[in-house]
Structure formats: C-alpha cells, structure tokens
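**Q** Chains A, B and C are the protein sequences, given in the same order. Numbering (our numbering) for the first sequence: 1 to 219. Numbering (our numbering) for the second sequence: 1 to 459. Numbering (our numbering) for the third sequence: 1 to 106.
In case anyone wonders, no lab produced these hints; they're calculated from the structure. A hint or two may mislead.
Cut-off 27 Å, straight-line C-alpha distance, at most; resulting in silico cross-link-like pairs (DSS-like, lysine-lysine) [unchecked claim]: (1) 24/C / 416/B; (2) 437/B / 24/C; (3) 167/B / 24/C; (4) 24/C / 414/B; (5) 218/A / 314/B; (6) 181/B / 9/C; (7) 79/C / 69/C; (8) 160/B / 91/C; (9) 72/C / 160/B; (10) 207/A / 160/B; (11) 80/C / 416/B; (12) 160/B / 218/A; (13) 416/B / 200/A; (14) 34/B / 38/A.
Calculated from the model, a selection of chain A residues having no Cβ within reach of chain B, i.e. all distances over 12 Å [to be verified]: (15) 34; (16) 43; (17) 92; (18) 101; (19) 108; (20) 201; (21) 211.
The C-beta atom is built at its ideal place from N, Cα and C for all residues, glycine as well.
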Amino acid sequence: MTGSEFIAGVFPYITIGLFLLGTGWRFVRWLSLPAHVKWTLYPVPEGIAGQLRYMIKEIFTFETLYRFNRRLWIGTFSLHMAMGGFVLFLILYLAHWSPAFPVRASLWLLLISLIYIIWLRMNDRNLRALSTFEEYFNLAFLAVVAAASLIASAPHGLFSPRAYIIGLLTFRPDGVQLTGDQLLAVFLGGLFLIYLPWSKMVHYVSKYFTYHMINWQKH
Amino acid sequence: MSEIKDETRGADPKYAFRSEAPLPREERVARLLKTLEGILKAGIYDLPLEMYLNTCAKCNNCAEQCQVYQATGDVRDLPAWRSNLLRRVYRKHFTPSGKLFGRLVGAKEVTEEDIDAMVDGFYRCTMCRRCAVNCPLAVDNALITRIGRVILGDLGFAPKNMTGSVKTQLLDGGNTSAIPKAAFIDTLDFLEEELQDEAGVPIPIPRDVEGAEFLFAAPVSDYIMEADTLIGIAKTFHAAKASWTIGTENFDAINYGLFYSDEKLEKILNRLLAEARRLKCKTLVIGECGHATKAGLLFQKVYGRSEYQDIKIKSILEVSHRFLKEGRLRLDPAKNPDLVTYHDPCNLGRGAGLYEEPRELLRAAVMNYIEMTPTRGMNYCCGGGGGLVIAEDLHTWRMEVGGLKKVEQLRATKAKIVVAPCANCKKQLRELIQFHKLDMELAGLHDVLGKALVFEKNP
Amino acid sequence: MPQIELAGKTYDVDEDGFLQELDKWNEEFAQAYANTEGIEGQLTEEHWKLIHYLRNYFQQFGIAPMIRKVCKDNGMDLKKLYELFPTGPAKGACKLAGLSKPTGCV
Ligand code: SF4
Ligand code: SF4
C-alpha cells in the first residue's frame, strides 16, 4: 500500500475511530467522577422541559455570549453554525438533495469566522490578555483544515468528493485517484478530529456535565 | 527539563491584607503543589474541579458580569485571567499534555511571583458566582477562587482577622466574636426585656431546651450588632408556637472555613452539629447568614460526621416562610410603611436558591416593596462576600471597588430600607451606606418581619 | 509587640492600635487617640460617659455589650453614637475605651 492509498483509504477510519474513542473516554471518565460537593447554581430551570429549553436555546443562539460579548458572539456563532451547516449540507449533498455549493459556503463562513476571531483575540485588550498559544493554535489549526478543504473541494481532478466519501461510507474506499491537495485535506481533517477530544474544545462533551451534573444538580 | 534558577529571589511584595504566618518564600512552591495534589486526590471536588480546570473558552463573558472587573477595568480582575493562575499550574503538573507540551497547551511552572499574584487575585474575588450564571460553558470561577484560597490558606495566607476569629471560635466554648458565656446570657436577658417592651407580652428566648425541634444558631456577631434581627426571630418562633432553643455551649453559626480552609470548615460544622445532637434537636436552623447557611447545606454531606447526617440543616428564611404559608404568622404591613427593597445575598440566592421565600415574607410584612435591577439570580454581590468583609485591611477596596455596583443599584431604587438577611452583607451594606452617604437604612429580614408581627395582649 | 506613643507615654497595642491591657488605660490615652478616630478637639462629657460605660461592662463581662444595649443604657440612638464616634461604636468607641479589638463579623 502506498502512502497516498493509506491516507485516502485507511487513515479516515483510524481518525473516526480515535475521535469516537477519545470522546467516549472523556465521557465515561467524567461520568465516573462523583460530584461529592453539591455545587448547584440557582435558579435552576424548572423541570426537564425547562432545562431542555435552556440548552436548546443556548446551543442554537449562544444567548449568553450574545448578551455580554457581542463582538465575539458574531464570530463564535457563525463559526459553530458553519460547522453545523457543513455537516448538514454535506449529508444532503451526499444524498443528492443539495448541490455542492452550500457545503463550500459553510467552509468559507468557517474560515472567515476563524480569521475574524483570531483577529479579535489579537486586538481586543481583554481577549488578548486571556489568550495563550493554545487558543491561537486551535483556531489556526481549524482554519488550515477549512482552507485545505476548500482547495480540495474545488471542482477538479478525476474523482468527485461525493464518490470518494460514499466509497468510504460503504467500506469500498478507492482513494488512489485523490489529488495531492485532496490527500492533504483528508490528512489534516483527520488530525484535527483525533486532536479534538483531547483539546479544550471538548466542550461539546463537558457542557453536559457542567450544566446537568453540576449547575442543575438535584438535592 | 532543567530550569534556570534565579539567584536574585525577590522579597515579599506588599500584600493587600495581613496574614498571620505565611510560609517562608522558598517553601511555598513545593507546598502549593503538595496541597493541590491533596485536593485533587481527596475527591471532594472531583467533577466540578476537573471541569473548570480543563474547560474555559477564554471568551471573557465572565468579566462583563463581575462587579469587581466592572469597577476597575483591570486585566487582573478578569475572572478567567485570575482562574488561569491556578489552571496553568494544574495543567503543568497534573495533566499529561501539560507535562509534555508545557506552554503550548497553556501550562506553566508555578513560581513565587505567581503565588504573590494568587494572594492578590483570589482576595479580589468575592466568590459571588454571578459570573457563572452566563458562562457559556458553565464554568464557575468562584470555585476556583475557593480552591485557590484553600491552597493559600495552607501556605499561611488568609486575612488575619479571619484566621484569628476562627482560632477564637475553636477554643472550648468559643465563638468568633469571643463572647463569654456570661455575657451571652446577659445579652439574651436583655433581648427578652426588649421583646416584652415591644410586643407587650412576654416572649422567651429558650436556652438549652432538650428535645426542642429547632436548634437556632445565629452568626454570633448578631449578638453585638443585630438586636432587631434576633428579636424578630424570637417573635416569629413564638408567634408560630414553634419548639425552639438556643444552645449555650455553642451559639455561633459562622463558618469562615468556607473562605479559606476545608479543614476548619469541617471542624466548625461538626461542632455546631454536635450542639444540635447534645440538645437532641432534629433541625439546625441557621440565622440570617449566607455563608454559614451555604457551608452547612453544601458541605454537610461531605464533611459532616456520619453520626450527624440525620440532622437537617435549614435557613431561618425557609423556616419562617413555612410558618407564613401555614398561616401561623399574623402580620400588619402598616407597621412598615417605608419603601423597602431586597438584596439577594449571593450564598442564599445563587448558592441556595432562596429567592422567593424572603420576598413572600417581605410582601406580607411591608406596605411598599420594590425590586432592585437586576435582581434574583443576577443580583449584584454587596462587594464584601467571600469573607472579605471581615478583612479590615480591605475596607477601602470594599467601599471603592467591591461595592461600587451595589451602591449604584441601591441608589436607583430610591428605597428607604434595604433588607439583607446575611451578617456579612449587613456589615458591608451598612458601611457602604455610610461611606457613600446613601439616604437609606439597612435592616435584616426579621427586623422587618418582627415589626409587623401582631400579638394578642392578655390572651 | 507594636507600641504607640501618646502624650509622652508609650503603650503596648495591637497592630490596629487597640490597647492590650485594660488597666493600662487612662484618660490621656483616650484623649490622645480621639483625633485618629475622627473626633475633633476635646472629648465631651457624652464621650466620657460612653467610654466609662463600656469599660465597666467590659470589666464585668469581658466583652463590649450589644450595641442596642449601649444605646438603651445611655439613652442615645445609633445615629448619636456615630456622631460621637464616627468610625463606629465597635471600632472607635472600643478603641478609645481601651478594650481589645472586637473579632468576627462586627
Ligand atoms: S465566561 Fe466561562 S468560558 Fe468564558 S472566559 Fe469566563 S469562565 Fe471561561
Ligand atoms: S465570583 Fe463574583 S467576584 Fe468572583 S469573579 Fe465571579 S463575579 Fe467576580
């Protein structure tokens, strides 16, 4: 197997596996940690319905940030929406329900949001004071992934991205014909996925714990 | 990795408050790591601590909600910046990635200067938890402050008044205000006379009654400062025909351990529970005091001795509220005609969820009531929370920085009376009113309630 | 132990200037301290009445009395107390009366 065959045909499975493993490990580890000291933060939203309503509103609007830090909200909100849009439109695209254009638009939005946030972190006095190498690295890493994906998904080469991904999903990977820039995108995207659960961007898991297990803990 | 040793070790800077006996400078780093390790191992804070130390988006939302940062605009008052003083140490010494990648993942070796910054920083936070309410990741900087304080306490850093008061309290029969038993009894007698004068009927303050349902413990400073609160509470118990008592062996609910030492917290809490057990009381009722209530409610399970686990701990607000709901209190609001507003003590509001109980009591007891803005979960700290109110050295800071937001808020209500059912808040608000010349008076909740209670003469 | 020199005499005090021993107190001590506690000029009869009252109670019980009791026994309201001792009864008045510093949340 050549290096490019490995990246195109095997590496994606490894990354997904490691991503799920990492996320699962985090989840299970935190689930096993008892919160002996009760650290509830009142008021607690009423009942399961109230808590769900709060969570959904927060996830889809980032209301907390909107209220107190609107400049960052613009960036973060569009960043997360771009990620959501990317996944959503990718699925639609794979199912032939959507053209490739919205997928690429999501990537553009992602890239622009990231650049904006990096700029904001460097230029806002307080955000600059808080930001360490880690913050810039995470943002830049994702920006590079987004940029690489944009280049790779531009219409070129013999193989369509759709055929490639469908191939992966049906366990008949045939990546030999990926071009160099496409290989790079796959490689970087994979690295990012492996890194994600171990980085502090793991808040897609931690939020469950900080809200449900700590802030809203029952007596 | 070898580290370049700095030969010109600095001397201590001037700290904002005096501590009794800080460790020698060169021993602090090692001790800090040892203490932090102990806390991580003890497992009391497992989940919250691991969450808060590992995830913070550095979004700075917390600063926009912090009354301290809003007053100073100083970078070191950004809550996430301060928390990072501890977070980066934790990362460096207790996480694999931090050990491996160091600064690349925001980890940093702790230095003596970092510890100086902690002494400064962790006592510029009132642990009010307001910043946690709108943190997108639900990170609570107040808990990090608390852990930081516990570590610093182990290094010998804590305001002198605080550690001194705790020492006095932990003496046999001691209490934070060093009130001897004879003086205490004399005070109770005096209060009974006052009660008779006010209510026109004899109202006792029962002492050492075995088997009473409620053991009542006030923050002991009330017996010097807050006659009206105590009178109101005695009236309330009496009106409700409740079976209650005060224990003369230990009558001090204050637990400054909450602010700087888990070890002290545990001792103080168990002493109090022991008094409830001695008198065979089922319920320990904490007087108007936020931190003492929270220390009991949050830590009974982890630090209360197993033989005391059956003793219930309640705030006097819950108890009086229940009396009200059961129709056991006859109130005449006309006795309180002035415009009244309510200050949510952080430890009773965000810390214990007692938002509606005091309000329902007040609405039943006063003619005119106005909410502050913002209120309830987003109400501002008085600026003296987290025990800062007893650090005399921090008086100017409390008046000019910590309490600034509160003063604006109070002024805007145009109320004549601000009610705050917490000994810490009372002291701070009274000082704020004097310092900023507000046309307003401070009262406890039971001060107002007591005035409105009606008693039948010669039944 | 810190010392303080007032009107030509030295006294042992704590770091906040509170006298260490009750019976080392004398009237010059009180008068000399008055200015630092925000009282201008000579102490008045009302000041002295309060100071002696506090000292008497302290001698008997080892602590200053409840503020409400101070007011009642001396026929003054809280406002008057603060007029007499601007830094407050717990701090200012006790200090002048030579009592030890109150601890805890007062
Ligand atoms: S609001 Fe929360 S996540 Fe944002 S900086 Fe503050 S603590 Fe961190
Ligand atoms: S707990 Fe209160 S004082 Fe401390 S950082 Fe948060 S808002 Fe500020």
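**Q** Next step is simple, just say for each hint if it's right about the structure.
**A** Results for each hint:
Between the alpha carbons of residue 24/C and residue 416/B the distance comes to roughly 44 Å, so the proposed pair goes past 27 Å and is violated. Between residue 437/B and residue 24/C the CA atoms are separated by roughly 37 Å; this puts the pair beyond 27 Å, and the hint is violated. This hinted pair checks out: residue 167/B and residue 24/C have alpha carbons roughly 26 Å apart, not beyond 27 Å. The straight-line distance between the Cα atoms of residue 24/C and residue 414/B is roughly 48 Å, outside the 27 Å bound, and the hint therefore fails.
Distance restraint check for residue 218/A and residue 314/B: the Cα-Cα separation of roughly 16 Å lies within the 27 Å cut-off, and the hinted pair is therefore satisfied. The hinted pair formed by residue 181/B and residue 9/C fails the criterion: a straight-line CA distance of about 35 Å is larger than 27 Å. Distance hint between residue 79/C and residue 69/C is fulfilled; the C-alpha atoms sit about 14 Å from each other, no more than 27 Å. At roughly 16 Å between alpha-carbon atoms, residue 160/B and residue 91/C fall within 27 Å of each other, so this suggested pair holds.
At most 27 Å may separate the alpha-carbon atoms for a hinted pair to count; residue 72/C and residue 160/B exceed this at roughly 33 Å. Distance check on the hinted pair: residue 207/A and residue 160/B sit about 39 Å apart at the alpha-carbon level, beyond 27 Å; violated. At most 27 Å may separate the alpha-carbon atoms for a hinted pair to count; residue 80/C and residue 416/B meet this at roughly 19 Å. Proposed proximity of residue 160/B and residue 218/A is contradicted: the alpha carbons are some 37 Å apart, above 27 Å.
Only pairs whose Cα atoms come within 27 Å are accepted, and residue 416/B paired with residue 200/A is rejected, the gap being roughly 49 Å. With a C-alpha separation of about 25 Å, the suggested pairing of residue 34/B with residue 38/A holds against the 27 Å cut-off. For residue 34/A, the non-interface assignment is contradicted: its Cβ lies about 6 Å from the closest Cβ of chain B, within the 12 Å cut-off. For residue 43/A, the non-interface assignment is contradicted: its Cβ lies about 5 Å from the closest Cβ of chain B, within the 12 Å cut-off.
Under the 12 Å C-beta cut-off, the non-interface status given to residue 92/A relative to chain B holds; the minimum distance is some 28 Å. Listed as outside the interface, residue 101/A is consistent with that label: its C-beta sits roughly 31 Å from the nearest C-beta of chain B, beyond the 12 Å cut-off. The beta carbon of residue 108/A sits about 23 Å from the closest Cβ of chain B, which is more than 12 Å, so the claim that it is off the interface holds. Listed as a non-interface residue, residue 201/A fails to keep its Cβ farther than 12 Å from every Cβ of chain B; the least gap is roughly 9 Å.
Not every C-beta of chain B lies more than 12 Å from that of residue 211/A, the closest at about 5 Å, which undercuts listing it as non-interface.
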